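> The chain contents come next:
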Amino acid sequence: MSKIKNVIFEFELEGVGVVNYDSNDQKFIWNRESKNGNKNNLVSIHNNVNYSKKHIYRNENGELDYKIKISSDCLRNSIFRNDAISTNPSISHHPFLLNSFIGSVQGLIRGYMFAGKNETLKRKSPLTITPAIQTNNSVSHLEIGVRSGEKIVNSDSDKGDTTLRNVETVGEMTYSGKGNINLQNLQFMSCDTVFDRYEFNSDNIDILNKVLQNTLPNFDSELGYYKLKSSSVNISEYGLKLNNENVLFLVKEVLKRISDISIMRNTSYANISKLRIKLVNSPLIDTYENQNGWIDINNVSDIDSLDFDVEDFYEYVEEEEALTERKEIIENV
Amino acid sequence: MSRKFLHIVFENAKLFKKNNRTKDRIYTVIKDKKGKFKGSNDFRKNYDNRNFIEPITPNQISNMLHVMFGERPIPSFRSVPYKKNNNIYNMALDGYLKIDSPKQNKSAKDSTLCYLEETINIEKGHFRSRTNMKTIEWYKILRFLGNELSDIFLNEMSIILGYNPKERPFMELLGVYNQYPTEMENIVSYLIQCKKKMLVDFLKDESYDLNYLTKTKKYNYETVNKGVDKVSVLYGDMYIPIDDNQIHKIQTNVANILDGGFARIVSIVHETDIYDTDSYTPIREISTETH
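Sequence order for the protein chains is H and C.
Here the first sequence is numbered in the numbering used here, starting from 1 and rising by one per residue.
Here the second sequence is numbered in the numbering used here, starting from 1 and rising by one per residue.
Quick caveat, the hints were computed from the structure, so don't treat them as lab data.
It cannot be assumed that every hint is accurate.
[To be verified] Reference listing, derived: stretches of chain C covered by chain H, where coverage requires no fewer than 3 residues with Cβ under 8 Å from a Cβ of chain H:
hint : segment
1    : 68-75
2    : 107-117
3    : 252-263
[Claimed, not checked] Some chain C residues near chain H, calculated using beta-carbon distances under 10 Å:
hint : residue
4    : 11
5    : 28
6    : 80
7    : 94
8    : 98
9    : 101
10   : 138
11   : 142
12   : 145
13   : 194
14   : 198
15   : 227
16   : 228
17   : 270
These numbers come from a predicted model, not from an experiment.
By construction, the Cβ of each residue, glycine as well, lies at the ideal position given by its N, Cα and C atoms.
Let the hints inform the model, and build the full structure from the sequences given.
Structure below.
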């Protein structure tokens, strides 16, 4: 079986209305554009304007035009919405809470940065996803809405804070986007500051091992020195290398979450309607443009039936050898 | 024979411009007193000369190519003990870049052309995210008093009021001193002696300031971990020259550029198949100057 280097995917969403809003500073873009002669329907003189997130471009006439989009951050929130309501950086005070996050599916795939006074932990996410950009021709417009507010404190009048506002609305929507799962990043958990990657504190490896044993099937990795095979840099890196079964499990978990993307708001929604993936063996052949090799994901059993061997990006190096290599280099920094 | 080029398309590349007001924090590596490397963090704004003037420079393109060729990217502003691969860096220098993201006048008065901006969420470290408390509850007061003083206070108040005050909202104790001035004299003087006058002011309903708790770090529970910042979202494409003997070294067809940018190899094209070359900037001409 050929070995897989990364997994690329394409997805489509469909829904109604705007699900991802930008700040009202966007009005300055449309107001300036209007002053330049491109009269558009998004001009507003009000301060209360809810604009959708947009992919803005110049059309053939040189005028600003747009497609509504759902930002990659919004999509990532939706992908991991069932894993945790929110991640509070205060967990970095408690070694067990912290390591239970680091060793969770969300921590391993979404990545994190815990900025602490004494140490900062950071993992780069192996999942990259583009914004979902509108593919149909629905045109949005500004609608008048009302925002309720409480009575103004310390005011003698009975005036409330209820105001008129403009809100951008649109009808039926379809979107599409792309993504990639970087198996090289997924396969390795580094705790080596020399390589600019410090994902966990190796002093807490016992706690992390217990968490990973609960999260991943047949987790048997050991902390040690590993060398990136494809790199010309001959220094080994301290960390944990996940086995083939673990990486496959994590890929399936992330695909299950992507196949379940659902963004719900009070008056709008967007749900995933199509997902297809491609296992990349040859990077120049297995591209997005090549129509061969795509696997349609219609249900969870399609994901469960996936089976592939992951490229071994890292190889184990004996500790003595690794330390000798590193000593000279680190002293020179 | 015409040269071959990698055609790479990128989108969603978020550019954080130099912003002296941002509260965003960045990852850094420092050497501690013992000479050991340590992951750390700092405000993005604290670093002068750590923002490139140009949105995308040869350094970012080289790093993207490093990842595609299975090498580690080299941080532009942090020191690491390994060097960049010069072959890859030279490939980046010989390439051509086009950014398609639209520009607009900075403001009505300033005609400098700038990339459009959008607002995004950023996260803050919890130790920099304390906020003024909007509400006051028992658990905050008990922490403010400490274990020993809490017990004394609750016992005394139970005797005076005839019920356990902890079973009702703390706000019900506002001005309670005015109802039981004689009975509460002892506990009030003891609280003042223990330097808890804020609570006494509250019990007397005399210009108390609940924010006092937030001004003392260790009493504050409430944090706001999120903030907002402005980014320019860039998209475009580039052509990078490649030799036949380098083609088989490509490890992945997708890599990141800038923050969260999605760069992917579309195809390998011959020089003669590239049209509209005027709109592309030679990457070698892009300045790596910082500000």
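> None of the hints should be skipped; say for each whether it holds.
Hints and how they fare:
Counting residues of the segment 68-75 of chain C whose C-beta lies closer than 8 Å to any C-beta of chain H gives 6; at least three are required, and the coverage claim holds. Taking a C-beta to C-beta cut-off of 8 Å, the segment 107-117 of chain C contributes 4 residues in contact with chain H, enough for the three needed, and the coverage statement holds. Coverage of the segment 252-263 of chain C by chain H holds [criterion: at least 3 residues with CB-CB distance below 8 Å; count 6]. With a cut of 10 Å, the hint placing residue 11(C) at the interface with chain H holds, because the nearest CB-to-CB distance is about 6 Å.
The beta carbon of residue 28(C) is positioned within 10 Å of a beta carbon in chain H (closest approach about 8 Å), and the interface hint is therefore held. For residue 80(C), the interface hint holds, since its Cβ comes within 10 Å of a Cβ in chain H; the closest pair sits about 5 Å apart. A cut of 10 Å between beta carbons decides the hint on residue 94(C): the least distance to chain H is about 19 Å, and the hint is violated. Interface restraint check: residue 98(C) against chain H, minimum CB-CB distance 13 Å, threshold 10 Å, status violated.
At a threshold of 10 Å, the smallest CB-CB gap from residue 101(C) to chain H is about 8 Å, leaving the interface hint in force. A least Cβ separation of about 20 Å between residue 138(C) and chain H goes past the 10 Å threshold, and the interface hint is therefore violated. The interface hint given for residue 142(C) is broken, as the beta carbon of that residue sits about 19 Å from the closest beta carbon of chain H, more than 10 Å. At a threshold of 10 Å, the smallest CB-CB gap from residue 145(C) to chain H is about 22 Å, leaving the interface hint violated.
With a cut of 10 Å, the hint placing residue 194(C) at the interface with chain H is violated, because the nearest CB-to-CB distance is about 27 Å. Annotation: interface hint on residue 198(C) violated; nearest CB of chain H at approximately 22 Å, more than 10 Å. Taken as an interface hint, residue 227(C) does not check out: its beta carbon lies about 12 Å from the nearest beta carbon of chain H, beyond 10 Å. Taken as an interface hint, residue 228(C) checks out: its beta carbon lies about 7 Å from the nearest beta carbon of chain H, inside 10 Å.
Interface hint status for residue 270(C): violated, as the beta-carbon distance to the closest one in chain H is roughly 14 Å, over 10 Å.
Comparing the model with each earlier hint shows violations of hints 7, 8, 10, 11, 12, 13, 14, 15, 17; every other hint is respected.
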